[in-house]
Amino acid sequence: MFGYYLELALRSLRRNKVLTALMVLAIALGIGASMTTLTVLHVLSGDPVPGRSSTLYYPQVDPRDMSGYLPGKSQPMYQMSWIDGMNLLRAKRADRQALMTGGLVAVQPHNTMLDPFYEAARFTTAGFFPMFGVPFEYGHAWSAADDEAHARVVVISAALNDKLFGGKDSTGKTLRLSGASFRVVGVLGDWHPNPQFYDLLRKSFGENEGVYVPLSTSQDVGMNHDGSTDCWGNGGSGKNPSHTAPCAWLQFWVQLDTPSRAAAYKTFLVHYSEQQKALGRFQRPPNVRLRDVMQWLDYNRVVPDNVRLQTWLALGFLLVCLVNTVGLMLAKFMRRAPELGVRRALGASKRALFAQLLVESGLVGLAGGTGGLLLALLGLWLVRRQPAEYASLAHLDPAMLLVTFLLALGASLLAGLLPAWRACQIAPALQLKSN
Amino acid sequence: MSMQIRPILASLRKHRIPAILIVLEIALACAVLCNAVFMIGQRVSDIRLPNAIDQAGLSSIEVQGTDPKQAGDDIPRNLAALRAIAGVKAVTAMNALPLTNYTWNGGLSTHPDKDMLNKRIVGMQEYLYTAGGGKALGLKVLQGRFFNADESAGSKLDSFMPAGHVVLITQSLARKFWPHGSAVGKMLYLGDKFSYTVVGVVADVLRPNRSGQGEQSFYYSAFFPLQPNDSALSTYVVRSAPADRDRVLREGIKALSTLAPNAVVKGRTFSDIRDKYFADMRSMAWMLVLVCAVMLAVTAFGIVGLTSFWVGQRRRQIGIRRAVGATRGQILGYFRTENFLLSTAGVLIGMLLAFGINLYLMQHYEMSRMPWYYLPTGAVTLWLLGQLAVLGPALRAASVSPVEATRSA
Numbered sequence: 001m002f003g004y005y006l007e008l009a010l011r012s013l014r015r016n017k018v019l020t021a022l023m024v025l026a027i028a029l030g031i032g033a034s035m036t037t038l039t040v041l042h043v044l045s046g047d048p049v050p051g052r053s054s055t056l057y058y059p060q061v062d063p064r065d066m067s068g069y070l071p072g073k074s075q076p077m078y079q080m081s082w083i084d085g086m087n088l089l090r091a092k093r094a095d096r097q098a099l100m101t102g103g104l105v106a107v108q109p110h111n112t113m114l115d116p117f118y119e120a121a122r123f124t125t126a127g128f129f130p131m132f133g134v135p136f137e138y139g140h141a142w143s144a145a146d147d148e149a150h151a152r153v154v155v156i157s158a159a160l161n162d163k164l165f166g167g168k169d170s171t172g173k174t175l176r177l178s179g180a181s182f183r184v185v186g187v188l189g190d191w192h193p194n195p196q197f198y199d200l201l202r203k204s205f206g207e208n209e210g211v212y213v214p215l216s217t218s219q220d221v222g223m224n225h226d227g228s229t230d231c232w233g234n235g236g237s238g239k240n241p242s243h244t245a246p247c248a249w250l251q252f253w254v255q256l257d258t259p260s261r262a263a264a265y266k267t268f269l270v271h272y273s274e275q276q277k278a279l280g281r282f283q284r285p286p287n288v289r290l291r292d293v294m295q296w297l298d299y300n301r302v303v304p305d306n307v308r309l310q311t312w313l314a315l316g317f318l319l320v321c322l323v324n325t326v327g328l329m330l331a332k333f334m335r336r337a338p339e340l341g342v343r344r345a346l347g348a349s350k351r352a353l354f355a356q357l358l359v360e361s362g363l364v365g366l367a368g369g370t371g372g373l374l375l376a377l378l379g380l381w382l383v384r385r386q387p388a389e390y391a392s393l394a395h396l397d398p399a400m401l402l403v404t405f406l407l408a409l410g411a412s413l414l415a416g417l418l419p420a421w422r423a424c425q426i427a428p429a430l431q432l433k434s435n
Numbered sequence: 001m002s003m004q005i006r007p008i009l010a011s012l013r014k015h016r017i018p019a020i021l022i023v024l025e026i027a028l029a030c031a032v033l034c035n036a037v038f039m040i041g042q043r044v045s046d047i048r049l050p051n052a053i054d055q056a057g058l059s060s061i062e063v064q065g066t067d068p069k070q071a072g073d074d075i076p077r078n079l080a081a082l083r084a085i086a087g088v089k090a091v092t093a094m095n096a097l098p099l100t101n102y103t104w105n106g107g108l109s110t111h112p113d114k115d116m117l118n119k120r121i122v123g124m125q126e127y128l129y130t131a132g133g134g135k136a137l138g139l140k141v142l143q144g145r146f147f148n149a150d151e152s153a154g155s156k157l158d159s160f161m162p163a164g165h166v167v168l169i170t171q172s173l174a175r176k177f178w179p180h181g182s183a184v185g186k187m188l189y190l191g192d193k194f195s196y197t198v199v200g201v202v203a204d205v206l207r208p209n210r211s212g213q214g215e216q217s218f219y220y221s222a223f224f225p226l227q228p229n230d231s232a233l234s235t236y237v238v239r240s241a242p243a244d245r246d247r248v249l250r251e252g253i254k255a256l257s258t259l260a261p262n263a264v265v266k267g268r269t270f271s272d273i274r275d276k277y278f279a280d281m282r283s284m285a286w287m288l289v290l291v292c293a294v295m296l297a298v299t300a301f302g303i304v305g306l307t308s309f310w311v312g313q314r315r316r317q318i319g320i321r322r323a324v325g326a327t328r329g330q331i332l333g334y335f336r337t338e339n340f341l342l343s344t345a346g347v348l349i350g351m352l353l354a355f356g357i358n359l360y361l362m363q364h365y366e367m368s369r370m371p372w373y374y375l376p377t378g379a380v381t382l383w384l385l386g387q388l389a390v391l392g393p394a395l396r397a398a399s400v401s402p403v404e405a406t407r408s409a
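Protein chains in written order, with this note's numbering: chain Z, 1 to 435; chain P, 1 to 409.
Chain P on its own, in the form it takes in the complex (with noise of 0.2 Å):
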């Protein structure tokens, strides 16, 4: 193989413009190849994002135009409704759910000194639920416990915060603010008019939406417990076995609807609500595959193309080649050792140019760097495709008797 290099290089600089081309092509096929895929993994990651609460299980109704004086009896009655509903397991009012983009944000900060300046303060989502949201949603307790019911009795919303003095965070936010050592029993604080203990520290749940402060602020939510006669309370979230869902569903928009005539209802189940949140995401994955695999495609078809010029070029030299004792073998070689060259050229130029791509993409747009794997991941599938392109041209060119050597000389 060594021995066949020096001949190839000495004919590719004969044929320059031909290799540069397919040196360019692999280039920059290679550079938007780890991009996209990076972009695609970014995609499919977030898609993915865990989310401690019953997925599967959980269904929201909304109720909006009644009158706000009247919540005091109408949230009672709406979740008694809905517990008597066959098939459910547990109901709660709330104010928002995770990924329904409604948000509640409010500022928690470990200090409640109102020298505002050296103040570190967190923006979190902040949630409000019934007594009982915590089993209902199926919020997972890694450290103290959920709230009792006296707590929950208790809180009141006073303007936008509720006027109980406990909270459950989750384990981000708890991380956040106390890095090392636990966080249940602490205080965390919102201006100096709010105070708040941390009875609780639950698995990651996800914010109504992503709110660009870094990668883990996704997960900055934290939980207080609401008396159920609030009109911000106008979530109700029911939680069945995955298989009763949809007729739970069906029945509790019927039950609500019937009860408050003049308002408007509407349900839909946690599933939908998070394919609806990603669906862009979603499909702009699979834009990205179908170009990558096009691309892939044209890139090729063109090796293929310029390959097959260039045997038809030579035919005579291969011809003498064989005559003078080459083995089909060895000319299938030089071909495949020739793209070989062809591609790692190709793919060293493409891995600067991905890298620099990468780059400018993360100064103009949110976009992390790529990790390195994606570079050389990249360059093999290229390499492969280099191969595989050449492969057909390479075997007619295996195939040229030795005949032609004394032809239309």
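Chain Z extracted, bound-state conformation (with noise of 0.2 Å):
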């Protein structure tokens, strides 16, 4: 029976050809457009730990004066200063932990065909590495004792050891960063974590940093920090805080395995404010919060607005492209009621008829959906050449390929339900009667 009722469809499609390809097409934008956009929501609202997201966590403390203070309102600092990142990781409550900030540095080659350039680099403790488990092509990150001894160590991404080192092992080698001499003593395996969750200010999306320094070192060697730096009181602003300036511009993240430990270290941070409070250190009262990943994602709305507002957008042109296929299936088939009328008379049933129409819109809906997939890897494209930060991330999963045809399917069959419905409500006689 589908067989035939194939064969209907497909004659009845090519009957008129002008109104098919006025449906393929409708069903084709609307679906090329909301897959585009939805296919990048879904990229850029990832998970970029998987596995560890739900055990990482953001602690933040509020050490400022009175000034601004709304009690139950006011959101803690957004980062670290120098003091109480210090502070709270000497006290090694969490299971793992690292203080880190963003920096550029000046990447001095020794080889001369390479002209000195800037790169990203991350000034962190050692825990940055195990916690957020990134792994190594050669060598290995350094240890807690070389930032104690304040080492001269570098560890490269594999994209700046391909450019300085040609892809080789280049463990061992020395790289001169900001007219300072460093050991590299590891180079980063296949890492991209997007969003990069843990410093948001940098940027939010796109490759990772380059050069890895241990935070006690890149002090030493005066590298400068890039990010932003808040400061409160009569801290000012600009490039290099000092560390006793009242200043934040240091993230801090720990690694707490279990929610009961995530729990006590809520209530540490709570006895740390009181504490510094008591010290003088803190005016306010104990203002703090702990983030995981993913909520310190979503509280800092890390997918960009206009992604968002693209995507309603594009479900509103979709919709808009649906009541158009609606009205048009409508005309189609009602201009078929006398041949239906025939069907009827000659002993087929509503269901069938019913049936048999279903087939058509989705046959529309399946040469829609295949119209909106080669518009979606159109509009990708178009994506990644757009100069947003995201850009290069914007490709087309299997899932989301999926998604793209049961969607085509739903809305062509969706807007066949209501025509069919209609046209099977004829009489068979009338139809009869007026030809």
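In short, the hints are calculated from the structure, not lab data.
C-beta: ideal position from N, C-alpha, C; glycine also.
Since no wrong hints were added, every one of them can be taken at face value.
Short derived list, chain P residues pointing at chain Z, Cβ under 8 Å:
1) L24
2) M295
3) G312
Covered by chain P, according to a simulated footprint, are these stretches of chain Z (three or more residues, beta-carbon under 8 Å):
4) 296-308
5) 330-341
6) 380-389
With the hints as a guide, bring the two chains together.
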């Protein structure tokens, strides 16, 4: 029976090519636009550290004076000051912890073929690598002892290793950074967390840093901090805040393996704030937050508003296309009232007619879905050429491919329901008479 | 025309579903169109934000990776080298430029008191420049004056604020602090340690990025003089005639790279900086334009399709009307009036929907209220679109001959 319906549907679609093309095009355009934006949304709202994101937390405390404080409403300081970061790091109350900040270093290659260039850097304590599960291609991370010793060691990304050392094992080699010599101890493997959850102020998406240097060493060498600095009281703002300045410019991450550990850590943060207030450093009542990775991304609205707006717009557009398809399908089915009347008179049940018409709209959906897929691929290609920092991430994955077809099929069947039902209500006798 | 409305309504009542579909389609298209056009308008006005510096003639050269202790020697030497290039009108060294996303934020207030609670602090961008920087940037002094030589020579950086005691502020910042009366000669404070006399007010200059405290805050910038001896001054700003700009930039990069062979030297024209900053918005605006155009086309084809079907269904009735004396013009008028009625219902619902969507977007996104005139503009657009789309099928209807009435009855 299905084969017969398919044949009837094909015949009917071929009979009125312009109308068929219009319907397929409308569905294809709607699906193409929606899938492009949904794919971008899907990619951007993904989990940057799958398997670890629920145990990684971003503690925040509030060391500011009372200026502008609204009890219960004020969020704590976005980043950590040097003093608080160091205190919390040394307290070692979490399963793992790391204090870090972003920087910009001048890479001065020995190879005279290459001009000096800037590279984004991360100044961090050793906990960064095991805590975030960073893979290594060559060598290894530095140790906590290296942090203490202010060792001149550096870990570089695979991309920088390719650029400087042709992709060979460069551990043990010397690299000149911002006027000082460093020994390469490790080369990162394939590691591209997106969004870059650990420092969203630097940038939310894109390539991670090329250079990783112990935080202590970076301060000795006077490497340039790159990122936001928020000061309060008599602090100003600027490139390299002094360690005693009332300025927050570091990120502190902890790993807490169980929810009870997380609850205990939050209590610890409150105690810490109370203690600092007693010492006169803090002035506000304890104001702490402890968000895990996904909560932190959500709080920061890491998916750009533009992307969300585009998704809404595309869904609105799909709706317009669907209503349009319903109208065209209705026109098409009603025009075939005489033919349907004959089939009814010859004994076809309403259900049979309904099924036949739905097969036809499903066929339109499949064609529209295929067209929509092509348009989505084109759309994503266009997105990748955009200047946005997330541009290079816009690729279709198998899950979204399936969603595309289901959406197209579902949409066209939905669009076919009303017209098919209307067409089945035809009284056979009336149609036969008028012919 | 009015005589036709009753029979049209009667006929629409018989074809409820197609009529509702057309109304719905026009309503949705109107709602999406109003909001999309509003978003385009917002972005275009952002891209065109005025910025009172010599945007066409400026280039910037960044130098990083030099020894900070040598800054006192390096900066004057670099400035002299840049000044020596033919076609250079003026140079200065700065800490940051507008629209580079590199911020130096500070909070200024009109009172120095330590009681922070009652103090109104306004966040601003702190721009530092060496002697002659005001002229090099092309700042426009509205009131007061630029810094004099003594003020520039006497200012060092103390942690992050200049220790000098003078400041130039933008007009927007001046209005924020002193809504009535002149700002020149007044005092501004940062904490209880730094104090500055406002020596002049300049036309609005943008900050390195938007800082999300209302529309006007994008213009909260303040300029301070600084001696040429601090490594914070890593941006060299070169002013030339627009025609010389690209050559001057190339020669400037070459000159500075030669002076500091190990440093990283990078140059951009200010036009490039501005283009890059707004690139995202520009591409979003184009995407919105594309979506609007395609959506209008889809809507128009939908109307054509449904009306054609309608006309086909009613050929015999049209024939009868023609046979009893209706002119072609009257048949044409009938379909156009019908479409006008449907469009009117559609745009009324559409305007309500557009307003609702705008309210939703205002709550959840950084979106301002849509000015009222977007609604009627969207409505008129869809009215015209409807009339245009119905023209083809209506003309076909008008060409139905009266003989049709006698056929296949």
